[in-house]
Amino acid sequence: MIEFVKDPQNTIPSSLVKIIGLGGAGANMLDRVALDGMEGAEMLALNADIRTLSGSVAPERIQLGVNLTKGLGTGGDPDLGQKVMLEAENAVRSSIKGRKIVFLCVGLGGGTGSGGAPILTRIAREEGAFVVIFATMPFAFEGRRRREQAETALNELAVLSNALVVFDNTRMGELVLAKQGIHEAFSAGDRMISDSIKAVIRLVIRPGLIHVGLDELMTALRTTRSRCLFGSGTANGKDRASKALANALSSPLLDKGALLKEAASVLVHICGGEDLTLYEIELLMQKLSKYVPQKAHVLFGAAIDTNMKDALSITLISALPEEKLQASSFEELPGEREAMEPSEGFGFDDMPQPARIVEPPVDEEPAENEIIEAVPPAVVAQQVDGWVNFQEADDHEVDLPFAEPEQSGSGVVFSPQASIAPASFVTDAARDFRDALKPAEPLSEEEDAQAPPAVLGDLLEKTRIRLGQNDMLFEGSSRGKFADNEANLVDGDDLDIPPFMRKKKK
Amino acid sequence: MARARIHVGLEIGTSKVCMVVGEVRSDGSVKILGLGTSKSAGVRRGEISDYANTKECVDDALVKAEEASDVEIGSVFLSVTGSHIVGMNNTGTYRLPENEKQIQPEHLHEAKEIAKDVHISPDHVCLHNILRSYRVDGFEHSSSPVGLFGKTLEVDFHVVAGIGTRIQNSIKCVRELQVDVDDVVFAPIATAQFALDRSTRERGALLIDIGGGTTDYALYLKGAIVASGCIPAGGEHVTNDIHMLTGLPFSRAETLKIKEGDASGDQSRSVGGIKIPVDEKGFSQQEVKRELLNEVIRQRMLEILELVKKRLPPGSVEQIGTGVFLSGGSSLMRGLDELTHQVFRRAIYRAQAAEISGVQANFKDPQFATALGLIRYAQLADVEKQNSSPRGFGRIWPFGKK
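Protein chains in written order, with our numbering: chain H, 1 to 506; chain E, 1 to 402.
For the chain H half of the interface with chain E, some residues (derived, Cβ under 7 Å), not all of them:
no.: 1; residue: G480
no.: 2; residue: K481
no.: 3; residue: N488
no.: 4; residue: L495
no.: 5; residue: P498
no.: 6; residue: P499
no.: 7; residue: F500
Over 10 Å on every C-beta distance to chain E, these chain H residues come out as not near it, computed from the model:
no.: 8; residue: L16
no.: 9; residue: K70
no.: 10; residue: K100
no.: 11; residue: L160
no.: 12; residue: N162
no.: 13; residue: E216
no.: 14; residue: G273
no.: 15; residue: T277
no.: 16; residue: S289
no.: 17; residue: F300
In short, the hints are calculated from the structure, not lab data.
Bear in mind that the values here come from a model prediction, so they are computed numbers and not experimental data.
Ideal placement from N, C-alpha and C gives every residue a C-beta, glycine not left out.
Hey, can you work out the whole structure from these sequences and the hints?
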């Protein structure tokens, strides 16, 4: 007799899913995912730096560059990152073999992450896995080189991967209050990534009553050279449907739902406990329809997960071709498009410092073209002489005021040494510390960049004009609303003119 | 005061006209019966600039207040403000005749007359004469020195004066609505009645009422008023500043100010930008940098506070024992308390009165502080009238005698 196993939800065994953390930042994200309790899914940590690797909570770890870097990191050099990955290709390949879906968490901008990720993605694709990449871009203040390295890697990944979700660290400020500690900012960033991974996994392994699966996911993401729009929200209690939707739309990747307007197809997956009602789903879809264009292909799925209890989660996935992404956020500023690419529809970055310093013309040509040559000579030199280059790389870090705190953000555990390191660095005894420092690199690479700052300067200009904030205002004679009143003189100052302008003139 | 009396306070402000009806009970407690507000039009920097419009607004507030309180309003206490109103201190010195050693009521009266006789320009009229203190041979007495021995008697007065015609216009505006004006009160003095209690004034307190078009202040030291005045800048100016520096229309600038603005100068609150969403009327999306917004607000607020500080008698800020009380709609600005602290280095309070009952929501809002203060003022005036000579509190009705 043939036994009929009743599984209305077509669950995929979670053993077919693998989550990989690559480099220091990747390891931090992976740790976060592990701490959040991802049952079932396999986790693999990859790093050249043996220190961080041994600190990882992932059950499976592969050391990269056993012969090449001998347990040290790649010192922010993507070429080296590429080499160490190739060295470990076989081990990685066998670890990925047979997995249906691979999530790759990586912080771009440094060595291991930027160099290794494209290779790893290729390996995974060759093994027949569906690859979803969660990448972080470096902070604006980390300098142009890191941003360039990150962009180069990102461009490669956009082509190689099935889905690419990019999170710009510069946008991290939106996740937490300005006053909150840096570690909170980082854990918020990691948490967001971890939530995203969970949501995709939920979607894939539990396709549900109304089926959506890998095929739909592919459809939703099927635009070449695209960036993924992603939002996921969970809520419970009264009115959970609209709360969950609001949470999902608040994802920085969606820009409050504004980016969805451009989407050609949107995958919506709703997952709830056993009390999920049809009415809730209807309500939710109705609300969502305001954000999604009418002609868009909506791929809808719903699933019941008893673990959700009384919560309801919604996941929105869509993709936008890169040109559109910029177009939608910077319509008014045509010249700026290419430049903004890295921040991926994140709007302006808000770091004020580098903004004006950098010269604008950087961005005229699409970032895609500037591939590896972009890596400055300094990096090449590093490879030749193992020790010197690390020092250099680290000196770099020291210059950047925020480099250390940042590391500590995503990986609180490792940070103390890292921050001590710059001082003790010069001495031989510092070797150990140097290793400790390594995690720093891949991470701080995520921060980054000049291109956008360059843009920012310009942007400011343009915004000002756009807002009518041009010179006329600074001539000082305008008094706005009080224009037709007599001068409001107190102690020789006309109080109707903004002090902001009067002070400036002095 | 055997029975409850009903008083009405009217404030014609730059941003709103506000009328409060309060019942003063026989035990001295005050209950707010109703409140009528109307958006103000035709008032600039605390003074009426468009008479017809203002009258309509007052009428609207009147109708609302009557409806809310179910009281027919026959007369009101009116608060006035404007940069033309100034407060100054004057001392009257009277030397007792050789053969008299004990101070007699007529001596005191003489001293008071001298003190009140400050030089005010012809177009100004006196709004308040507030007795601050007595001194007998240089020794301070806070209560009447009648019956004491002494040679010279000095009386300190705080005199508030303003341009007569402008004040008359405010009164006319009300009178034309068939409502009588019981008294005209300089706004910060009314607000102080509400916000500062006796012990607070004893220890010294500065009240700053930042309204729409003006900022009024009153300083009390040792229980007596030391300085009062008005600076012709307020919340409306903040909005205007934002409007001019960002190019946003007024309504947007106003919402932005209320929802996002911060005056503290704390850099961590100036991170990022605020997206102003697209609205139905085709207003395209803009982003305003918090840094710019907050700096514009801060500069304005800072200037206002610095101006207040400059107007106070030298050394008086150090004598403030209790602290600085903020009131008025603009005092709701985020971070203003921190900024005020930076300027005055004194404890900062939000003006609140304890002994008023009624609809809680109404008097918790600092926007109504002045109108509520008028009720307190009326109550005190009543008490004065009953238990002392007609000029006991030192107020005179500036127009009645003309």
